[in-house]
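> Just so you know, the protein sequences line up as chains A and B, in that order. Using our numbering, the first residue of the first sequence is number 73, and each one after it goes up by one. Using our numbering, the first residue of the second sequence is number 118, and each one after it goes up by one.
One should not assume that every hint holds.
[As the list claims (entries may be wrong)] Just some of the chain B residues that point at chain A, by a computed CB distance under 7 Å:
#1 Glu583
#2 Gly589
#3 Val603
If you are wondering where the hints come from, they were derived from the structure by calculation, not from laboratory data. Quick reminder that beta carbons are idealized off the backbone N, C-alpha and C, glycines included.
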Amino acid sequence: MAEIRVEGLTKEFGSGARAVDGVSLTVPEGQIVTLLGPSGCGKTTILRCIAGLETPSSGRILIGDQVVHDGATGETVPVEKRAVGMVFQSYAIWPHLTVFDNVALALEFNQKRSDDRTDVRSRVVEVLRSVGMDGYQERYPSELSGGQQQRVVLARALVYRPRVLLLDEPLANLDARLREAMRFELRDVQQQLGLTVIYVTHDQAEAMALSDHVVVMREGQILRQGAPREIFADPEHPFVADFLGVSNRLAGEIVAVPTAGRVEVKLDGTDLSVMVKGAGAAQQQVWVAVRPSRVGLYRRALDGVSGSDALPGRIVRVTFLGEEVDCQVQIGDLMLQARDSGECDWRPGEEVEVRLAPEDLILLPRDRDE
Amino acid sequence: MSKAITALKRLWRGDSLTPAVLLGLLAVSIVTVYPMLWLAVGSFGGEEGLTLENYRSVFQGLGPLDAMKNSMVFSGGALVLGLAMATVSALSTTRLRTPFASLVRSASIIAFVNPPWITAMAYAWLLSPQAGTFNRWTDQLFGIKPFNAFSMYSMVFVAALFLYPYLYLTLSAALENVDSTNEEAALTAGATPWQMLRRVTLPLVTPAMITSIVFSIVILWESFSIPAILGTPGRIYVFATYLYRLLNTPPPDLGLSAAIAVFFAVTAGLAVWVGLRVARRHHGARFQVIAGKGHRTVQIEVGWMKYPLAAFNMTVLAFALVIPYVTLVMLSLSANVYQRFSFSNLTLLHYLDHLRSPVFHEIFWNTLQVALVMSAATGVIALLVAYLDLRGRGPLKNLLSFIATFPIAVPGVAFVVGVAWAWLRPPLVLYGTIWIIIICQISRFLPLGVQHLRDGLGQIRPELEEAARTCGAGTFAMLRRITVPVIRPVAVATFLLLWMASMRDLLTPLFLGTGTPETSTLSQRIYFLWGEGLTSQSASLAVILVSLMAVLYVAMRIVLGRRASKDRSPQAQAPTHTAAVGA
């Protein structure tokens, strides 16, 4: 296994549109890095450039110590000599071959070059066992379920001990329950074999569950990268916040900086203000974002709200989701989404007290024209 | 300098298929564009330099204008009749619950590959004005002889029978592809089954119907064998037969025939262009039709109506298949064709005569040789074109697809005239050899091969190949171990389809052969014997040819069926539009 380094990668397609625009990232050996973003953000293109299926317009790609592509000199290592394992979203399982032959042929393709003449059969059986597919050797792909096909293509990508493993939305075609189970299995296999993995997905839960490091992309550029918890706690960018499920975003302006690390934000369109953890200067335009689960709902006493961090609200709509209830709360002209325990019996029209703790609020930069 | 080399290298690597595209362009333009160029040149050729004289003659003579009028009546009539019959059958076997639906389906596939000149020969015999079987029957029953085989009516009737299986197969395929949830939505919204059919189902298949009609017009416009067998004896000439007569009346006026051929080709091209423009307007709807996953179709109960509908389907198939073949077999077994049926009149003599004849042996091997060489060469070129069309980039591969498929819109007769012009002169004089027939068939059937293979290859996602590359396979290993095995079923089916198209092709050997055994094929020989009045000899040879095609067809089903259904490689498609053209 080896580290992957991408430096200043740009890919332009015929029309001049930049699918990838100056991306640099490093995948340390033995780690999973996820490229997360909506479709068309360039994540798959980066993966295909690393594999060698697309030729970058400029930039440098290194796998281990080997430069596999150098835009400056035009030197490039062809796909088949890069020794990478790749799993495609459509699986690309070879339909004319049995499970065994699918895996064995991949090994054969790779061994022509090296002199590593291990016993093909024992190697194939071993890798099929490691993905839980021993006993299916003689089946044809059409006789397998989606999850089983998934395991076969994983075995096919692992059998020749690739330096790195590239996964392009490998779980997107599975149903929700299987997707969750496969997440853990993938993580297990990766840990056991110490694989270096780049994982492309548009599913934030998948990214959080699997990765050592998450890279959030939009329109060919990296917006934010870091450990899952770090990004989750501090998205730093409105788009990243939205993509990670921080659905409440309120426009406002900093009116005061009472202490270091705290600002007071007046919410646009209201005369309400909230305290937010973060740094900024007065008169700065900002977004205040908050996760629905961090919006505290409390019954309101008849004589008004109980403290300075409490806002008066009214429940507009309640959706029961089982474990939780989803409430739409109106505060003045503003709408907030709140999540509460499923046992809470909120009713539409109820007057409530909304508490927003400064450490639960996320301060995000806002351009004036936004 | 080194920078320039790097840039060049990058360009080359950016599309590694470029050399293959260039190679394909060269090979294909020799067989398709080159003859067309000579046709154009020939049509402007005169005593001294270029002239428009030939085109003036086209519009001055009564012959060409008469032929055009006949072509229009013939095509229009056969299209209307064939479309009406096919629509009734397609609707009744897919959307109405009628008996024998699967029988209609399989019989139509057989009728589809059936050579049209066999049907024409059978009806020329049955409807013959004086001695025809049908006329004798009506004479005995009512004392009248109403039928005339050598009339526009019988030409239209037989051409409609020829068109019927093609239209039936394409229409019923389109009807079966309609996502039935569209129809269920209409039913739940309160539509009656008939309203559903009229307001939802039929509009959804309209684009497919327009495409089929466009191809039907091409098929009829260029149709040669039916008007040759049924029209020529009654001096009814369409474009194709008029050209044939012009070329066979010494001294042949090559300039005028080239001009007529150009005019003929341009009108056909115009029809295709207009038709496809209309079809394109429905394109949005077309994708909806194909979106259906569940192929469960809504079938309407029609009560007692199912009996007349089934009877109608059976009658059409009896006229298209059973009656012609019974007639043909009877003729081939009769010692004297003019005698009434009796067991003493049956003989195998005509077959034995053929088998003993050295001329037959030569022609038989010629036919196999032409079919084998042509199918192999066309298959390889078509595979290259289809592959580049799907995997390549840039304008060059579009040009390649275009020059490989445009002959579909060029009427066979016009194309053949161009081929004669092109290979009659240096650098390559092929006229008078069997090779001119092979080359001409390659160019005429290339569109069929390309379309069939492109449909099959289109089902193979590029990721299958990319997966091989990431596993360490070079281009050659990938092609050998993945691409070729996956497309093998489609490739085999295409090869056999081409083989059958070659065997039933009458036009090419008739126009380009010199009449000697060395340049004859079975179809040409059958037509020749028929024209000489050697009815039984001709019929028995036709039975031999059709048996050969049948053996091949069965072999195809076995080869394709043998591969386990587990192998999910794309299988052969239903016969395509291009397969019907060029008979």
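> So, for every hint listed, does it hold in this structure?
Here's how the hints hold up against the structure:
Checking Glu583/B against chain A: minimum C-beta separation of about 5 Å stays under 7 Å; hint holds. Because the beta carbon of Gly589/B sits about 4 Å from the nearest beta carbon in chain A, less than 7 Å, this interface hint is met. Taken as an interface hint, Val603/B checks out: its beta carbon lies about 5 Å from the nearest beta carbon of chain A, inside 7 Å.
Of the numbered hints listed earlier, not one is contradicted by the structure.
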